[in-house]
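Q: Given the structure of chain A, go ahead and fit chain B with the ligands onto it with the hints provided.
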Amino acid sequence: MDMKGPITLTDAAADRVKAMLAKRGKPSAGIRIGVRSKGCSGMQYTLEYADEKSQFDEVVEQKGVTVLIDPKAAMFVFGTEMDWVEEQMKSGFVFRNPNEKGRCGCGESFHI
Amino acid sequence: MSDDGLVMLQLHEPGETPAPHDSERGAAVGIDLGTTNSVVALSFEGSVEVLRSADGRGLIPSVVHYRDDGGVEVGAKAREAILETPDHVVSSIKRLMGRGIEDVKALAGTLPYAVEPNPDGGMVRLRVAGRVLTPVEISADILRAIKARAEEALLGKMVSRAVVTVPAYFDDAARTATKDAARLAGLEVLRLVNEPTAAALAYGLDNAVEGLYAVYDLGGGTFDISVLKMEKGVFQVKATGGDAVLGGDDIDHAIAEHFLADRKAAVGEHPISAGEVKQALMTARVAKECLTGRTEGEWMIEVDGRPSRHSLTREQLEFLAAPFVERTIAICREVVEDAGIDVADIRGVVLVGGSTRMPLVRARVADFFGRPPLADINPDEVVAVGAALQAEALTAGSDTLLLDVTPLSLGIETMGGIVEKVIPRNTPIPVAMAQEFTTYQDGQSAMSIHVVQGEREMVDQNRSLARFVLRGIPPMTAGAARIRVSFQVDADGLLTVAATEMTTGIEQQVAVKPSYGLNDDEMADMLRDSLVHARDDMQQRLLTESVVEARRSLLAVQSALGVDGDLLSADERQAIDAAIEQVKAACAGSDRDAVTASVESLETATKSFAEKRMDRGIRQALAGMSVDRLDGALGGGE
Ligand SMILES: Nc1ncnc2c1ncn2[C@@H]1O[C@H](COP(=O)(O)OP(=O)(O)O)[C@@H](O)[C@H]1O
Ligand SMILES: [Mg+2]
Chain A
1 MDMKGPITLT DAAADRVKAM LAKRGKPSAG IRIGVRSKGC SGMQYTLEYA
51 DEKSQFDEVV EQKGVTVLID PKAAMFVFGT EMDWVEEQMK SGFVFRNPNE
101 KGRCGCGESF HI
Chain B
1 MSDDGLVMLQ LHEPGETPAP HDSERGAAVG IDLGTTNSVV ALSFEGSVEV
51 LRSADGRGLI PSVVHYRDDG GVEVGAKARE AILETPDHVV SSIKRLMGRG
101 IEDVKALAGT LPYAVEPNPD GGMVRLRVAG RVLTPVEISA DILRAIKARA
151 EEALLGKMVS RAVVTVPAYF DDAARTATKD AARLAGLEVL RLVNEPTAAA
201 LAYGLDNAVE GLYAVYDLGG GTFDISVLKM EKGVFQVKAT GGDAVLGGDD
251 IDHAIAEHFL ADRKAAVGEH PISAGEVKQA LMTARVAKEC LTGRTEGEWM
301 IEVDGRPSRH SLTREQLEFL AAPFVERTIA ICREVVEDAG IDVADIRGVV
351 LVGGSTRMPL VRARVADFFG RPPLADINPD EVVAVGAALQ AEALTAGSDT
401 LLLDVTPLSL GIETMGGIVE KVIPRNTPIP VAMAQEFTTY QDGQSAMSIH
451 VVQGEREMVD QNRSLARFVL RGIPPMTAGA ARIRVSFQVD ADGLLTVAAT
501 EMTTGIEQQV AVKPSYGLND DEMADMLRDS LVHARDDMQQ RLLTESVVEA
551 RRSLLAVQSA LGVDGDLLSA DERQAIDAAI EQVKAACAGS DRDAVTASVE
601 SLETATKSFA EKRMDRGIRQ ALAGMSVDRL DGALGGGE
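Keeping their order, the protein sequence lines are chains A and B.
First residue of the first sequence: 1, per my numbering; consecutive thereafter.
First residue of the second sequence: 1, per my numbering; consecutive thereafter.
Worth flagging that the hints you see were computed from the coordinates, not collected in a lab.
Please read these numbers as outputs of a predicted model, since none were measured by experiment.
Ideal placement from N, C-alpha and C gives every residue a C-beta, glycine not left out.
Check the hints yourself; a few may be wrong.
To be verified - Here are the simulated distance ranges between beta carbons: (1) A/86 x B/87: 52 to 60 Å; (2) A/87 x B/471: 56 to 64 Å; (3) B/44 x A/20: 27 to 35 Å.
So here's chain A without its partners, still in its complex pose (with noise of 0.2 Å):
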C-alpha cells in the first residue's frame, strides 16, 4: 500500500474503477462514496462517478484512482477496505468495514 488513507483500495478495485472512468467516456474527477439513510437499519452506501471536486470532499489518492468522500460518508467509511468482487452471476465494489456492528436482514443497511 503506498499510503494510508482513511480508506484502502485494493488492486482489484483500483484497476476496476480505473477502467470505469475510462470507459464512461467524459472527464471525471473521480468517484465519489456518499451515504445516504434509507435502508431499514440505518445507511446505505452510494458510488457514483464524480464530475467534479466539491469543497467539503475528503479526496484520498491511491493506486492512481482519486477517491472523493462525501463528509457525511467520511464517519462512516473511515477505516473501511474497498474491493472488487468477482462472482459467478454478480460482481460489485464491497466494503469491508471493521467498525460494522450490525446489518440488517437485507444487507444494505449498515449500524456503526
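A: Quick look at chain B with the ligands alone, frame taken from chain A:
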C-alpha cells in the same frame, strides 16, 4: 450480496444510485384481501398490472383447504374441495378478523364452520380438520398463497412488502389482526389502506376536483357503501354503511331455487339432494355471470344420471335479483341522508366488487346517483389496483402519496370530566403530538390517563378508548410535576399513547384497542343500539326473503304457462292470471303477510295445473326412452 454477505455496489452516474432494496428486496405489491376473492397487483411507473395465475386468472378465491395429510391449499382448488370435505375448508374468514366470541354470536348461522372462544380472551378460534386455528393464521395462509402467486407471476422475483386493503369500517382490532396475518406470511405491511380509498385512488380521484365521491361495493357476500371527501389529495371517510350479509351469493341462491323448481317439473317430484343443491348453486352462479354479457342462455344440471335443462333470460334474472339490488339502494339512501348529504353534491361514483358487473346494478346505481358510475377498471380488481399504486408511491416515492386523516379528535380527560384534545380531527396521519399536564394535589404520586375519541366537550359524550395509570411521580407540590402525554397515530390509524414524567423520565404507554376499551355503560349502549337496529334489519330481511320467494314462484308459474299453457281451460287460465297479478301487487308493497298470502293463493290456483303438467311430463319422459335405458332407470336407482 457477495458470498461472504457483503453488499455489492455498482458505480452509478451522479444522483442515479437506485433506492435501496429495489433490487434485492424485490417488489412491493398491492393486495385486496377480500371476503370472497383476493387480488394482487404491481405498479411500475404508474401503470398497474394485476398479477395472474398461469391460466390468466386474477382472482384468488379466499378459501383455504386444510388437508388431512397436513397440506394447505388456497384458491380455486380449495373452493372445489367444499363439495367433498366441507368441514376441512374455511371461507369468508375475513368476517372474523379481530372479532371476539361476543361479536360472532351476531353472525351465528351465517358461518359455515364452528367457532369457539379463545381461552385467553380476544379473537375467536376455529376448529378445522382437527386443528385449532385463529383467523389471523388462516388469513396468513391466504396471504402466503397470494405472495407465491405474485412471485410466480414476476418470474421468481421476491415479494416482501405490500399495501393491504381493509374495509373502512374495520376497527383497530381487525386492522391489527390483518397486519399480524401479513407479518406471519412474511410480508411487511407498508400501510393498510381503506378499500374505498384504494378504489378512488385507482381512478386517480386524488387528482380530481375536490369534493364528495361515493364508492359502491357489492361483492359475493357483503355490501358496502362509502362516501369519501377529497380535499387537497387527502381522502376522508365521511360516511359508511352496508349489509354484512348481502351480495352476489344471495342472487345465486334465488336462481338456484328457481332452477330446482324447474328441475322437479322436468324429472318428476323427488326430494332434493345435497348434491343437487350444490350443482344448482354452481350453475346459478355461472348463469348469472353469463347473463351479464348475454341476454339469455341455457344450462344443464345433471345429478344422479338425471339431466335437466334450464333456460334463463336476463329479464328473468333481473326479476329475481331486483329485491337485493333495491336493498342496496335503500341503504345508499339511508347513508346519504344520515350524513346530511345531498346526492347532487356527489361528484362521482366508483363501482367495486364483481356483482357490480350486472347491468341491473349499474342501471340502478346510475339512477340513484343521477350519473353514470365509473366502471372502466375491472370492479373486482380496482381495489388491488389502487393498493398497488399506493405501494409504489410509498416505496419509489411519488407526489401522489395518499394521506389518510384521523376521523375524530383524540384527547384525554382532565379535571371535571372535560376533554382536552391532543390531536384534532382531520389531521393527516401518521402524526405524533404531545401536551404537558400537571398534578392537581400536593404529593400526588400517580396520574390516571383516560384516552377518549370524539368531538364533544364532556368525556361522557365521547367514546372511551383506554385508561391507564402513570405511577411513581415523585412527591411535589400541586402543579410542579410536568407530565408529557404524547399521542402517536401510525400510518395505519393505530394509536399509541405514552405518558412521561419529565423530571424523572418514568414512562407508561399503551397501544389502544378501541374494540376492547369500552366500559360497561358504553357497551350496554352499543348493544342496545345494535339491538334496535337489528330488529329493523331483521324485518327488512324477512320481507326481502319473502319477496324473493314470491318472485321465484311467479317465474316458475310463468315459464310453465309458456310451455304447457295449452293444458288449461279458459277459466283455469283466468284464475291463475288473477293470482299472478295479486302476487305482483303484494311484492310491490312492504307487507310481508300480504306477500305470503298471495303466494299461497297462487299455489292453490295452480295446483291442478301442476298435476296435469306432471302427468304430461312423465308420459313424455317415458315416451322418449329406449327399452334398456328404461330398464336402467327403473332397476338401477343409482
Ligand atoms: N360477470 C359477472 N356478473 C355478475 N356477477 C359477477 C360477475 N363476475 C363476478 N360476479 C360476482 O361477484 C361476486 C364476487 O365479487 P368480489 O368482488 O370478487 O368479492 P369480495 O369483495 O366479496 O371478495 C360473486 O358473487 C360473483 O358471482
Ligand atoms: Mg371486495
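Q: Confirm or reject each hint.
A: Here's how the hints hold up against the structure:
1. A/86 x B/87: 52 to 60 Å: At 57 Å between Cβs, range holds.
2. A/87 x B/471: 56 to 64 Å: holds (57 Å)
3. B/44 x A/20: 27 to 35 Å: Given range 27 to 35 Å: holds, Cβ gap about 28 Å.
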